[in-house]
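Residues per chain are reported as follows:
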Amino acid sequence: AQSVAQPEDQVNVAEGNPLTVKCTYSVSGNPYLFWYVQYPNRGLQFLLKYITGDNLVKGSYGFEAEFNKSQTSFHLKKPSALVSDSALYFCAVRGLFMNNNAGNMLTFGGGTRLMVKP
Amino acid sequence: DSGVTQTPKHLITATGQRVTLRCSPRSGDLSVYWYQQSLDQGLQFLIQYYNGEERAKGNILERFSAQQFPDLHSELNLSSLELGDSALYFCASSVESGGALGDTGELFFGEGSRLTVL
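For the record, the sequence lines run as chains X and C. Per our numbering, residue 2 is the first one in the first sequence, and the count goes up by one each step. Per our numbering, residue 7 is the first one in the second sequence, and the count goes up by one each step.
Next up, chain X with everything else stripped away, as it sits in the complex (with noise of 0.2 Å):
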């Protein structure tokens, strides 16, 4: 089974600082690694996501994210944070499935309530 841990269950951090929200996990094989952002009243968007290659991920909005197989992380990053970034955080995992009938849905996080302040 797979499982995803947001250790926070909030962030609070001051605009124009970097922000960290973290992200461990847990898969069977290769990890297919997710990060989607839900504001309020709204669906999740979706961030970045880290299949193979460079550890470090480019997402939307100036989010990044690093993946650390020894440590089975995937912490979403910022250098500079805006008030505007404050949302809800999930962290999500696909494994990689080697039956075409065990399904391909994401499993999440709890979430992570980001809060930047002025």
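Be aware that a few hints might be false.
[To be verified] Below, a sample of chain X positions facing chain C; criterion: calculated Cβ distance under 8 Å:
{"id": "1", "residue": "R43"}
{"id": "2", "residue": "L45"}
{"id": "3", "residue": "A88"}
{"id": "4", "residue": "F91"}
{"id": "5", "residue": "M106"}
{"id": "6", "residue": "L107"}
{"id": "7", "residue": "F109"}
{"id": "8", "residue": "G111"}
{"id": "9", "residue": "R114"}
Keep in mind that the hints were calculated from the coordinates and are not lab data. We put the beta carbon where it would ideally sit given N, CA and C, even for glycine.
Please arrange chain C on chain X, whose structure you already have, making use of the hints.
Below, chain C alone, put in the same frame as chain X:
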């Protein structure tokens, strides 16, 4: 705009009733996923359909059922509703190759249907 359309956006009903939530995937996407988002359970995968057939099942109650029609839209039926069924129900779609290998696509989410059971 993700291209995934969900109706209705809001629904208020009473315990014991039955409702149907509808989802139209992005043009060309063959797979549809249903997720439930509640405050205490986070994002829970319910069920996946691929090209009209059930592909994977998650934490879906027996009172709930889903189907995907030939035009690829999907419906999630919730019956004998209980107070605890109050949640946001998201539909997502992806291209899906039909096989697990090489399928790295992210999911595209609709805006969700907010169900309130009184």
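Hints versus structure:
1. R43: 6 Å, holds
2. L45: Constraint on L45 (chain X) satisfied, holds at 4 Å.
3. A88: 14 Å, violated
4. F91: Where the cut-off is 8 Å and the nearest Cβ of chain C is about 7 Å from F91 (chain X), the hint holds.
5. M106: Given a least distance of 5 Å, the restraint on M106 (chain X) holds.
6. L107: Hint holds; L107 (chain X) Cβ to chain C Cβ min 6 Å, cut 8 Å.
7. F109: 4 Å, holds
8. G111: 5 Å, holds
9. R114: 12 Å, violated
This entry does not satisfy hints 3 and 9, going by the numbered hints stated previously.
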